[in-house]
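Here's the letter readout for the chains.
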Amino acid sequence: MVVPDSPLLAAVSLLSCLHLGYLARRVGRSRTAHKTLPPAVTGPPEFERTHRAHQNCVEFFPLFLVCLWSCGAFFSEAAAVAGGLLYMAARQIYFNGYVKSAKKRLPGFYLTLAALAGLFLLGLTGIVHAILHKYIHL
Amino acid sequence: MVVPDSPLLAAVSLLSCLHLGYLARRVGRSRTAHKTLPPAVTGPPEFERTHRAHQNCVEFFPLFLVCLWSCGAFFSEAAAVAGGLLYMAARQIYFNGYVKSAKKRLPGFYLTLAALAGLFLLGLTGIVHAILHKYIHL
Amino acid sequence: MVVPDSPLLAAVSLLSCLHLGYLARRVGRSRTAHKTLPPAVTGPPEFERTHRAHQNCVEFFPLFLVCLWSCGAFFSEAAAVAGGLLYMAARQIYFNGYVKSAKKRLPGFYLTLAALAGLFLLGLTGIVHAILHKYIHL
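Taken in sequence, the protein lines are chains S, R and U. Using my numbering, read the first sequence as starting at 13 and increasing by one per residue. Using my numbering, read the second sequence as starting at 13 and increasing by one per residue. Using my numbering, read the third sequence as starting at 13 and increasing by one per residue.
Hint data in this document are derived by calculation from the structure and do not stem from the laboratory. One or more of the hints may lead you astray.
Because identical chains cannot be distinguished in the list, a pair is counted as satisfied if it fits within a single copy or across any two copies.
Claimed, not checked - Below, in silico cross-link-like pairs of lysine to any residue (SDA-like), each with a Cα-Cα straight-line distance of 20 Å or less:
no.	residue 1	residue 2
1	Lys47	Leu133
2	Lys116	Ile148
3	Lys112	Val39
4	Lys47	Leu27
5	Lys116	Leu136
6	Lys47	His141
7	Lys47	Val70
8	Lys47	Ala101
9	Lys47	Ala129
10	Lys112	Ala94
11	Lys116	Arg64
12	Lys116	Gln104
13	Lys146	Ala91
14	Lys146	Ala36
15	Lys47	Leu118
16	Lys146	His31
17	Lys146	Pro119
18	Lys146	Gly33
19	Lys112	Leu134
20	Lys47	Glu60
21	Lys115	Asn68
22	Lys112	Val53
23	Lys115	Ile105
Source: prediction; values computed, not measured.
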């Protein structure tokens, strides 16, 4: 097999898996601390916030991967790596904030959306360029 | 970096991200309308249906992406684009129906499954062909 | 379109979609058996365990795909196929155990983590090697 051309994108993808695994582990530790055994997902407010914070990260993860690789494959690998690292940092800020209070999730959430929108728009630019190049020979 | 060969598949993938983001936003607006603040996921029946509708779209999204790219990469990019657009339309019908009543989710859900089964079967056909070609030189 | 080089990885990915679809169907049948109609996700303990078992599989699915393809594209396709099949078997053991009792989910869960860690570490090895080769010409 030919070694693919984007090891940095793959490294960021693997790192984001590790990060999401770490957040899942935080939910598990919150279960223990608040004596909320599986399969329950309701319990003390702090546990419920921790669980929802993780769920939101899970919901956005495939969207993040699509935007990361669209940006990296069609626009710029360096921009995708930077956007991917920013997204992970934003997710950590979001998670830590949400564990404290529902309101404190917002700064990290807006930063998450900004990183995702950046990856999306750069990816879109590259894809439109590639479509014009391939089908209209511009 | 070499610009990859499938900008239309990437465009459909990005569009499906935008669509899922729009559905997530509908859940957020339903929260406001029904005064159901995060992290709660229980509340008035319409909010719970809206939340579950989005959750179901989230659960299927990675499966959709795998089937979309299997079909597009191993069978036909045009068929994958058509199936992908049909899937998104089906998801919208499903979501709108589910918001109204649990029963009204079914037509959109069956259309969703049909679009997904189409992408899956075409992708499978292409993959089996590629395996036979690569390993048994048929 | 050039037929891509990794039909076995694509076949394992499609198979894992089919498997996850089968587990979703088991949740649907558990709904019927326990008279728990959508959008409810609470009900008799066995239904709640079945629902959570599926949710956990859903949460891990994108991580599984990233690790599978990292291992397959950067390390070895055969190792990725083996790890992917082991992961699916582990998920089935996990699901069957969790349906019976929360405690019985653990052996399958640890096997799931072992398969995932294997794919992750082999993928990481291959990616680090590819980065060193590409940027430092080792």
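We went through each hint and held it up to the structure:
1. Proximity of Lys47 to Leu133 under the C-alpha cut-off of 20 Å is found in neither arrangement, the shortest distances being 43 Å within a copy and 33 Å between copies.
2. Taking identical chains as interchangeable, the C-alpha atoms of Lys116 and Ile148 are never at most 20 Å apart, the minima being 48 Å within one chain and 43 Å between chains.
3. When the C-alpha separation of Lys112 and Val39 is checked against a cutoff of 20 Å, the pair qualifies only within one copy, where the shortest distance is 14 Å, while the shortest distance between copies is 23 Å.
4. For the identical chains of this complex, Lys47 and Leu27 are neighbours neither inside a copy (30 Å) nor across copies (37 Å), given an alpha-carbon limit of 20 Å.
5. With identical chains, the CA atoms of Lys116 and Leu136 are never at most 20 Å apart, being 31 Å at best within one copy and 34 Å at best between copies.
6. Within a single copy, Lys47 and His141 get their C-alpha atoms no closer than 53 Å, and across copies no closer than 44 Å, so neither meets the 20 Å cut-off.
7. In this assembly of identical chains, the alpha carbons of Lys47 and Val70 never lie at most 20 Å apart, being 23 Å within a copy and 24 Å across copies at closest.
8. For the identical chains of this complex, Lys47 and Ala101 are neighbours neither inside a copy (29 Å) nor across copies (30 Å), given an alpha-carbon limit of 20 Å.
9. Proximity of Lys47 and Ala129 under a CA criterion of 20 Å is satisfied in neither setting, with 38 Å inside one chain copy and 28 Å between copies.
10. For the homomeric pair Lys112 and Ala94, neither the shortest alpha-carbon distance inside one copy (28 Å) nor that between copies (42 Å) is at most 20 Å.
11. Taking the shortest alpha-carbon separations for Lys116 and Arg64, only the intra-copy value of 13 Å comes in at or below 20 Å, while the best inter-copy value is 25 Å.
12. Taking the closest pair of Cα atoms, Lys116 and Gln104 come within 20 Å of each other only inside a single copy of the chain (12 Å); across copies the shortest separation is 32 Å, beyond that limit.
13. Taking the shortest alpha-carbon separations for Lys146 and Ala91, only the inter-copy value of 18 Å comes in at or below 20 Å, while the best intra-copy value is 23 Å.
14. Taking the closest pair of Cα atoms, Lys146 and Ala36 never come within 20 Å of each other, the shortest separation being 42 Å inside a single copy and 33 Å across copies.
15. With identical chains, the CA atoms of Lys47 and Leu118 are at most 20 Å apart between copies only, with a shortest distance of 18 Å across copies and 27 Å within one.
16. Neither within a single protomer nor between protomers do Lys146 and His31 lie at most 20 Å apart by alpha-carbon distance, with minima of 37 Å and 25 Å respectively.
17. For a Cα distance limit of 20 Å, the shortest separation of Lys146 from Pro119 qualifies neither inside one copy, at 40 Å, nor across copies, at 37 Å.
18. For the identical chains of this complex, Lys146 and Gly33 are neighbours neither inside a copy (39 Å) nor across copies (28 Å), given an alpha-carbon limit of 20 Å.
19. Taking identical chains as interchangeable, the C-alpha atoms of Lys112 and Leu134 are never at most 20 Å apart, the minima being 33 Å within one chain and 37 Å between chains.
20. Within a single copy, Lys47 and Glu60 get their C-alpha atoms as close as 12 Å, and across copies as close as 18 Å, so both meet the 20 Å cut-off.
21. Taking the closest pair of Cα atoms, Lys115 and Asn68 come within 20 Å of each other only inside a single copy of the chain (15 Å); across copies the shortest separation is 26 Å, beyond that limit.
22. Taking identical chains as interchangeable, the C-alpha atoms of Lys112 and Val53 lie at most 20 Å apart whether they share a chain (18 Å) or sit on different chains (18 Å).
23. Taking the shortest Cα distances, Lys115 and Ile105 sit within 20 Å of each other inside one copy (13 Å), while across copies they are farther apart (33 Å).
This entry does not satisfy hints 1, 2, 4, 5, 6, 7, 8, 9, 10, 14, 16, 17, 18, 19, going by the numbered hints stated previously.
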